[in-house]
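One line per chain: the protein sequences are A and B, in this order. Residue 1 is where the first sequence starts when you use the numbering used here, and the numbers rise one by one after that. Residue 1 is where the second sequence starts when you use the numbering used here, and the numbers rise one by one after that.
Hints should not be assumed to be uniformly reliable.
Same chains, same label: a pair holds when it works inside one copy or across any pair of copies.
Calculated lysine-lysine pairs in the DSS-like style (CA-CA distance at most 27 Å, straight line) [unchecked claim]:
hint, residue 1, residue 2
1, K206, K196
2, K6, K203
3, K73, K12
4, K380, K203
None of these hints come from the bench; they were simulated from the model. Since this is a predicted model, take the numbers as computed values, not measurements.
Protein chains: 2
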Amino acid sequence: MAMIKKPVNGMKDILPAEMAVRMYVINLIRETYAEFGFSSIETPVVEHIENLLSKQGGENEKLIFKIMKRGEKLKLDSARGEEDLADSGLRYDLTLPLARYYANHAGELPSPFKALQIGPVFRADRPQRGRYRQFTQCDIDVLGDPSYISEIELILATTTVLGRLDFKGFTIRINDRKILKNMAAKAGFKEADCEKVFIILDKMDKIGWEGVKEELLADFPAETVEAYLAQFREGTELSSLMEDSPVARIIAAVEAVRTADFQIVFDPTLVRGMGYYTGPIFEIAMDEFGGSVGGGGRYDEMIGRFTGQNTPAVGFSIGFERIVMLLMEKGFQAPNSRKKMAFLIEKKMPDERLTEVFREAEKERAGGKAVAILVMKKNKKFQKEQLAQEGYEDIREFFAR
Amino acid sequence: MAMIKKPVNGMKDILPAEMAVRMYVINLIRETYAEFGFSSIETPVVEHIENLLSKQGGENEKLIFKIMKRGEKLKLDSARGEEDLADSGLRYDLTLPLARYYANHAGELPSPFKALQIGPVFRADRPQRGRYRQFTQCDIDVLGDPSYISEIELILATTTVLGRLDFKGFTIRINDRKILKNMAAKAGFKEADCEKVFIILDKMDKIGWEGVKEELLADFPAETVEAYLAQFREGTELSSLMEDSPVARIIAAVEAVRTADFQIVFDPTLVRGMGYYTGPIFEIAMDEFGGSVGGGGRYDEMIGRFTGQNTPAVGFSIGFERIVMLLMEKGFQAPNSRKKMAFLIEKKMPDERLTEVFREAEKERAGGKAVAILVMKKNKKFQKEQLAQEGYEDIREFFAR
Numbered sequence: 001m002a003m004i005k006k007p008v009n010g011m012k013d014i015l016p017a018e019m020a021v022r023m024y025v026i027n028l029i030r031e032t033y034a035e036f037g038f039s040s041i042e043t044p045v046v047e048h049i050e051n052l053l054s055k056q057g058g059e060n061e062k063l064i065f066k067i068m069k070r071g072e073k074l075k076l077d078s079a080r081g082e083e084d085l086a087d088s089g090l091r092y093d094l095t096l097p098l099a100r101y102y103a104n105h106a107g108e109l110p111s112p113f114k115a116l117q118i119g120p121v122f123r124a125d126r127p128q129r130g131r132y133r134q135f136t137q138c139d140i141d142v143l144g145d146p147s148y149i150s151e152i153e154l155i156l157a158t159t160t161v162l163g164r165l166d167f168k169g170f171t172i173r174i175n176d177r178k179i180l181k182n183m184a185a186k187a188g189f190k191e192a193d194c195e196k197v198f199i200i201l202d203k204m205d206k207i208g209w210e211g212v213k214e215e216l217l218a219d220f221p222a223e224t225v226e227a228y229l230a231q232f233r234e235g236t237e238l239s240s241l242m243e244d245s246p247v248a249r250i251i252a253a254v255e256a257v258r259t260a261d262f263q264i265v266f267d268p269t270l271v272r273g274m275g276y277y278t279g280p281i282f283e284i285a286m287d288e289f290g291g292s293v294g295g296g297g298r299y300d301e302m303i304g305r306f307t308g309q310n311t312p313a314v315g316f317s318i319g320f321e322r323i324v325m326l327l328m329e330k331g332f333q334a335p336n337s338r339k340k341m342a343f344l345i346e347k348k349m350p351d352e353r354l355t356e357v358f359r360e361a362e363k364e365r366a367g368g369k370a371v372a373i374l375v376m377k378k379n380k381k382f383q384k385e386q387l388a389q390e391g392y393e394d395i396r397e398f399f400a401r
Numbered sequence: 001m002a003m004i005k006k007p008v009n010g011m012k013d014i015l016p017a018e019m020a021v022r023m024y025v026i027n028l029i030r031e032t033y034a035e036f037g038f039s040s041i042e043t044p045v046v047e048h049i050e051n052l053l054s055k056q057g058g059e060n061e062k063l064i065f066k067i068m069k070r071g072e073k074l075k076l077d078s079a080r081g082e083e084d085l086a087d088s089g090l091r092y093d094l095t096l097p098l099a100r101y102y103a104n105h106a107g108e109l110p111s112p113f114k115a116l117q118i119g120p121v122f123r124a125d126r127p128q129r130g131r132y133r134q135f136t137q138c139d140i141d142v143l144g145d146p147s148y149i150s151e152i153e154l155i156l157a158t159t160t161v162l163g164r165l166d167f168k169g170f171t172i173r174i175n176d177r178k179i180l181k182n183m184a185a186k187a188g189f190k191e192a193d194c195e196k197v198f199i200i201l202d203k204m205d206k207i208g209w210e211g212v213k214e215e216l217l218a219d220f221p222a223e224t225v226e227a228y229l230a231q232f233r234e235g236t237e238l239s240s241l242m243e244d245s246p247v248a249r250i251i252a253a254v255e256a257v258r259t260a261d262f263q264i265v266f267d268p269t270l271v272r273g274m275g276y277y278t279g280p281i282f283e284i285a286m287d288e289f290g291g292s293v294g295g296g297g298r299y300d301e302m303i304g305r306f307t308g309q310n311t312p313a314v315g316f317s318i319g320f321e322r323i324v325m326l327l328m329e330k331g332f333q334a335p336n337s338r339k340k341m342a343f344l345i346e347k348k349m350p351d352e353r354l355t356e357v358f359r360e361a362e363k364e365r366a367g368g369k370a371v372a373i374l375v376m377k378k379n380k381k382f383q384k385e386q387l388a389q390e391g392y393e394d395i396r397e398f399f400a401r
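Based on the provided sequences and hints, a complete structural model is requested.
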């Protein structure tokens, strides 16, 4: 078989310039979230197929990379379908593995547990510009705390990261699954219809009010639809519908304490796709991007799926890849912590002379420089120009003597 | 389907204490290798099945997690075997993806290119204590430089990392595939038999001289085997066999320049399993571990498999997981960069009071502390004891007033 130079379809090799930005962002995220008391953890990228297909992942379950059973367990002859061939798959997000992790280790972890997880996730989506099949997610979650203190902390931590990366004027949209349900119930939708109604409402950004109205009318009585939409238009009754939600208090606290330059607004049309949310939900909207650069919410029922006992949980996922993309587009340069030096040496050097060069390099490294020792090329002038372009500020030549 | 709490067989959830050690080691590695002029890059964890099965990986090719084709491409009915069902798999090391990466991007990269790659690799090996099916590798490679300057730099960089992690008295074993071949040829083995001879020689650590002799005698004439083993015993002719190898000069330079406390020794029995090495090979032996905690070598022919044109390449992989294990066993504590504070707040707090608490937390964070805001539990005494155990040095209480 011939060897293939390109990465697999939809995945990406990361070149040094982008990698420097990624590492800068990751370090800043780790540092900032540590200030807020989050502890780093890691889960395997491979997850049980049973967990991945447990209906926690909504549409993402259609996009799973499935891993084949191995050895005797793979029974090709008797396999009736895909489900008999795979025993695991690549995780499509970090939340499901976190719920499994917490269910497995709760006894060894503090309560509440504030987790930070950064790692690759995988979705076999149609590849498109800026959207890859392997991408890095970066989540903070608070497990075991029912209070909205956690929502406030998550929003403050995440916006602090964005502020330190010099993003300004963005918006945190916030809503609550309970408010969504209250509004639907008040308009006359049945509980069982809610999911369908919210899926249509979620398309607002794409199809607008008229589109939403049209799609609702296709399935529900005109009267109910009209009563529903009127609530959004008028907003007058919203305050009573918000009563059993902490959204107003979260907004008040975040507004009073925020350090970054952003606004936080209640948005009764915010749905967030994933089916597992149970309480407050939030999303970061950024004009520069024209879409969400992160989001999250409360999912008090997922851990119970593993343990049989519900455990409060809330998380915020920052859109790592989009943030890196925006920074790259802005021409952001990760600050170089060390000045780069190149030592050019003649091709043939006696051992003692070579030792001198290495000792000199060691001295410069100890003094805080980054030193690359390189063999002089025939076209030394060109080599030095290239090195200068690559950011080498100090180029020294060493000869055999 | 029931949800499963344990990680998939042979993989591991990483708890905060181990994670802190891992991050400390990774940061130290990145920092040290940057001093030596290495640039960080990343490749996808998923690789083309054609590349994974191209005979570059030796025994590891039997341990590949294969990923099933998706959608229309998966043709269960007409599949004659596994090979028709999988189009990709999880990488078993970082070297093969690096060769692909370099083949794909050489035009965009400096020459020589000094790469640092840290990331997860996967092998469906039988799980055993301390050995996992997903584990982190950490490789430095120099691509495009035929000189042994690169070997010296790789060994100095790697041993500097180990020294900074306070490892002492370890040994770098070094040999050269060319010396191995010279010795086999001189004894009378045919070129075609070399691979087999080296596989047997590689078992030395496990079966000893007698075992190696016995296995060789099973396949080769007594005379040849005797002549071969005599060379190792007597060592007298080794110097002539080493003439076309830079091993002696590498040893001299490393000994003259090293900063860490270790020895570097020529070991004519060192083979290193992987089939792709073409020149000097090396391995780190550590008494505390009783085995290799890293290794590498020159592989001048792998990139040519992708491009049709050979490109010199040499790499050193540090045994990240083993190093972390040894540090954990020693009771190593990653230095806490921030003092941990806990703010305990009453369950019901008026908004204004809550805001004060968050402002106070912000002040402490800005002052360099890590602050967790937690709701007071009924058994506050127990809660405070637990927090103290978790490393919170300063616990403050805030009441509604």
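Hints that the structure is at odds with (numbers, increasing) | 2 and 4
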